[in-house]
Amino acid sequence: MKNKRALAKALAAASALSVSAVSQAGSLTVATPQDPGSWDPIDTFLVNWASLATNVFDGLTYRGPDLELVPGLATRWEELDDGTRLRFELREGVTFHNGEPFDAEAVKFTFERLLGEEGAKGPQRSNYTAIESVEVIDDHTVDFHLSEPDPVLLTKLAGYGAMIVPPGYIQEHGDEHFNSNPVGTGPFKIVDYRPREDVRLEAFAEHWGGAPKLDSVTYRFISEPSTAVAELQSGRVDIVIPPTIPIGMIDTINNHDGIRVVSVPSPTVEAIRFNTQSGITADEKVRQAMIMAVDRQAIIDSILAGEGKVIASFQSAQSFGHDPELEPYPHDPERARQLLDEAGVEPGANVQIDVRGNDATFGEVAQVVAAYLQGVGINASIQPYETNVLLNDIIPAGRTGEMFQQKWGGWTFDYDNTAYLMYHTGERWNPYDSDEELDRMLNAQRGITDRAEREAMLQEIARYTQERALEMPLYSLNALYGVSDRVQGFEPAPDNRLRLTDVSVSE
Amino acid sequence: MLSLNFPSLRRFKNFEFILGILLVGGIAAAILLSGWLFPGGGSDINLAMRLLPPMAESAYPLGTDPLGRDLLARVVIGGEISLKVGVYSALGAVMIGIVMGLVSGYYGGIIDMLVMRFADVQLALPFILLAITFIAVIGGGLTNMIILLIISQWVQYARLVRGSVLSLKDREFILSAQAIGVRDVRILFQHLLPNLIGPVIVLMTLNVANNILLESSLTFLGLGVDPSVPSWGGMLAEGRTYLQTAWWVSVFPGLAILLTVLGLNLLGDWLRDTLDPTGRTSL
Chain A
1 MKNKRALAKA LAAASALSVS AVSQAGSLTV ATPQDPGSWD PIDTFLVNWA
51 SLATNVFDGL TYRGPDLELV PGLATRWEEL DDGTRLRFEL REGVTFHNGE
101 PFDAEAVKFT FERLLGEEGA KGPQRSNYTA IESVEVIDDH TVDFHLSEPD
151 PVLLTKLAGY GAMIVPPGYI QEHGDEHFNS NPVGTGPFKI VDYRPREDVR
201 LEAFAEHWGG APKLDSVTYR FISEPSTAVA ELQSGRVDIV IPPTIPIGMI
251 DTINNHDGIR VVSVPSPTVE AIRFNTQSGI TADEKVRQAM IMAVDRQAII
301 DSILAGEGKV IASFQSAQSF GHDPELEPYP HDPERARQLL DEAGVEPGAN
351 VQIDVRGNDA TFGEVAQVVA AYLQGVGINA SIQPYETNVL LNDIIPAGRT
401 GEMFQQKWGG WTFDYDNTAY LMYHTGERWN PYDSDEELDR MLNAQRGITD
451 RAEREAMLQE IARYTQERAL EMPLYSLNAL YGVSDRVQGF EPAPDNRLRL
501 TDVSVSE
Chain B
1 MLSLNFPSLR RFKNFEFILG ILLVGGIAAA ILLSGWLFPG GGSDINLAMR
51 LLPPMAESAY PLGTDPLGRD LLARVVIGGE ISLKVGVYSA LGAVMIGIVM
101 GLVSGYYGGI IDMLVMRFAD VQLALPFILL AITFIAVIGG GLTNMIILLI
151 ISQWVQYARL VRGSVLSLKD REFILSAQAI GVRDVRILFQ HLLPNLIGPV
201 IVLMTLNVAN NILLESSLTF LGLGVDPSVP SWGGMLAEGR TYLQTAWWVS
251 VFPGLAILLT VLGLNLLGDW LRDTLDPTGR TSL
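Quick note, the sequences are listed as chains A and B, same order. The first sequence begins at 1 in this note's numbering and counts up one residue at a time. The second sequence begins at 1 in this note's numbering and counts up one residue at a time.
Some hints could be false.
Here are the computed distance ranges between Cβ atoms for each label pair [what the hints assert, rightly or not]:
hint : chain 1 : residue 1 : chain 2 : residue 2 : range
1    : B       : W36       : A       : G375      : 23 to 29 Å
2    : B       : D120      : A       : H177      : 37 to 43 Å
3    : A       : D251      : B       : L22       : 34 to 40 Å
4    : A       : E148      : B       : D120      : 55 to 61 Å
5    : B       : G40       : A       : E334      : 22 to 28 Å
6    : A       : G375      : B       : F15       : 49 to 55 Å
7    : A       : N255      : B       : L22       : 38 to 44 Å
8    : B       : I128      : A       : L421      : 30 to 36 Å
9    : B       : L19       : A       : E334      : 55 to 61 Å
10   : A       : D251      : B       : I138      : 37 to 43 Å
Not everything, but these chain B residues come out facing chain A in the computed CB check (under 10 Å) [unchecked claim]:
hint : residue
11   : D44
12   : R50
13   : P66
14   : V121
15   : Q122
16   : G140
17   : G141
18   : D226
19   : V229
20   : G234
21   : T241
22   : Y242
23   : A246
Please keep in mind that the hints were generated in silico from the structure rather than gathered at the bench. Every residue, glycine too, gets a C-beta built ideally from N, C-alpha and C.
One chain only, chain A, in its complex shape:
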């Protein structure tokens, strides 16, 4: 008995020693709003998967906070055969966290898994279907054979489903095991995952980009914004990552000593889209009138505390396809009334706006929009839905009211990724509209390999959707990070994929 106690004491002392050694170089705690449930890259499309997993996995290409595409696990690449073949030279001497070497076989395995049976179960495969096959040329060279040129593919290789996974490890332990014990080549490795509680990451000193400055990072899942902010205030959390902090809490954080809000323009855009098939919104003039009735700048200034920007089409200013020349519809209630009159809409006409019930900020925005519509004689009621119900049932089935909220992330910063899914006939997010001209342009731009030419085509699409007033574009949002002053070297990532390699903490 006594011996046992002595042993326990010695162990405790030893572990205390190792703990103090760890805290010397620094550990960081991050609050993230959601547990993705599985860490397998092919299982998810959640931004909160990416915000953590970007530290654990690498892709062939890498895109940091400056949004430039730079080499990742591939050191260089070239387009061959009119863009239908991509050749990648792979980085040498890279190992996975479990010691397995990274080579051409790992790339081939990753993409065959993504495009095969296992990938078909998840939501990622459809982003990469342009890849027909992956051919191993030698240990550190691979060729991607494409069925058609995909202008966004190189960007897509920097994230989500294209993260390179270890073939030996997965074959040995199986997919189920990999979901909660993932292994990648990234700067941090996952050492402990407690579902719905937290994930502990330790630095992977052998990372090809150099060892991270931190020793360990803990991601805690805190879905309730006020809890996350309270933890930040009390110092138990160092960084709160988006999308957590509601606009209304910016002052709460900035008024508190030692913490601050850091914001950066993000690709996230919000719009109120129209049912173009039935109701008064089937009339283009009515849609235009509604857009003109709403003073979107006033909404941004007051409710969004300036953390946003008016958009003319459904994309942010950093998006490829954004046209600085394209002006948003002006705020012009006079003209709106006139248009409504021409369309034969009687004052007092009713419309319904479907919104996500748990989105407090948008709830306020929707009420202001309704008030502006009231100003031109349209009675708008607001119908809140549980978010998953709205996204999985109401919108795809075309069961919305005349108008509905659409929030869109667009992490590829390419308008194709938004426009195709929003406007092409038969797409999930396009339950009402079908426009041959639009379909033609959307298909055509995918085949264009010349960047400038494709950009012009995307801008043409944006202009076309604006003319038809397919949605009421509202604003692009800033990503809000809550950051403690003890965090050094923090650079906010516009796409939420915050890599912590260069971050350190001061005591």
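Here the structure of chain A is known, so what remains is to put chain B in place on it, guided by the hints.
Leaving out everything else, chain B in the frame of chain A:
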């Protein structure tokens, strides 16, 4: 016939009763008069006046909400939705529950088994799960919310009534009624019902309070009514993010819920003591 056992009038001086009736009566009166007190309806959005603290402007004694609307007007008008939901759903649930409970307890056998097993299934469903499913399929809104609450709560009454019927139906007055050939409907509603209505009424007062809280939590979760129509739960949710910078937005509707529920509970307590002088056992 009514075997209510009113104790002496001293009970009326009971502190619980006075406070309860003052709270509930006062709040109900304010809500009834709200149309006259606040003709604007508290729905005028004024972004220049957002988040004014209480007493900062004489026009806004309780301050304004994030959209610059008068908080006092919204708290008073918001009570209408909350009370409507609370009272209507309790009434609906009582009516269904009484009929089901009477029939089930009196006839027994297969009917009893069907009703009670159905009730068990109903009780096994978590309320929030039921609510999310219901609203996804049928849609939200005031009427649907009331229907949802009725569906989820009639069971309590049915079980209570059935229990009482089981203990009453072998008593002499029922047996004699049966013996002289009184029709079943008459036995159920004229002989059994008055003898078991006491606990049901008490349960109902508590239920109204509970329903107001449920309405609040449903609206808080965003499953309830149009957010531009003020309701206490909705206002509470709206103010949540401003708690540290503009406490008044959620504190006042929260206070309104607290006082109403307190008042109703006090009345329920008093009713329980009054209707059940033998002790605090039946609930």
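Comparing the hints with the structure gives:
1. B:W36 / A:G375: 23 to 29 Å: Given about 26 Å between the Cβ atoms, the range holds.
2. B:D120 / A:H177: 37 to 43 Å: 40 Å, holds
3. A:D251 / B:L22: 34 to 40 Å: 38 Å, holds
4. A:E148 / B:D120: 55 to 61 Å: With Cβ atoms ~58 Å apart, the hint holds.
5. B:G40 / A:E334: 22 to 28 Å: For E334 (chain A) against G40 (chain B), whose Cβ atoms are near 25 Å apart, the range 22 to 28 Å holds.
6. A:G375 / B:F15: 49 to 55 Å: 52 Å, holds
7. A:N255 / B:L22: 38 to 44 Å: Holds, since N255 (chain A) and L22 (chain B) (Cβ atoms, about 39 Å apart) stay within the stated range.
8. B:I128 / A:L421: 30 to 36 Å: 31 Å, holds
9. B:L19 / A:E334: 55 to 61 Å: 56 Å, holds
10. A:D251 / B:I138: 37 to 43 Å: Because 39 Å falls inside the window, the suggested range holds.
11. D44: D44 (chain B) check passes; min Cβ-Cβ to chain A is 8 Å, inside 10 Å.
12. R50: Since chain A brings a Cβ to about 6 Å from R50 (chain B), closer than 10 Å, the hint holds.
13. P66: 6 Å, holds
14. V121: 23 Å, violated
15. Q122: 21 Å, violated
16. G140: This interface hint holds because 6 Å falls under the 10 Å limit.
17. G141: 8 Å, holds
18. D226: Holds - the Cβ of D226 (chain B) comes within 10 Å of chain A, reaching about 5 Å at its closest.
19. V229: At about 9 Å, which falls below the 10 Å cut-off, the nearest Cβ of chain A leaves the hint on V229 (chain B) intact, so it holds.
20. G234: Since chain A brings a Cβ to about 9 Å from G234 (chain B), closer than 10 Å, the hint holds.
21. T241: Where the cut-off is 10 Å and the nearest Cβ of chain A is about 4 Å from T241 (chain B), the hint holds.
22. Y242: 5 Å, holds
23. A246: Given a least distance of 8 Å, the restraint on A246 (chain B) holds.
Violated hints, listed in ascending order, are 14 and 15; each of the other numbered hints is respected by the structure.
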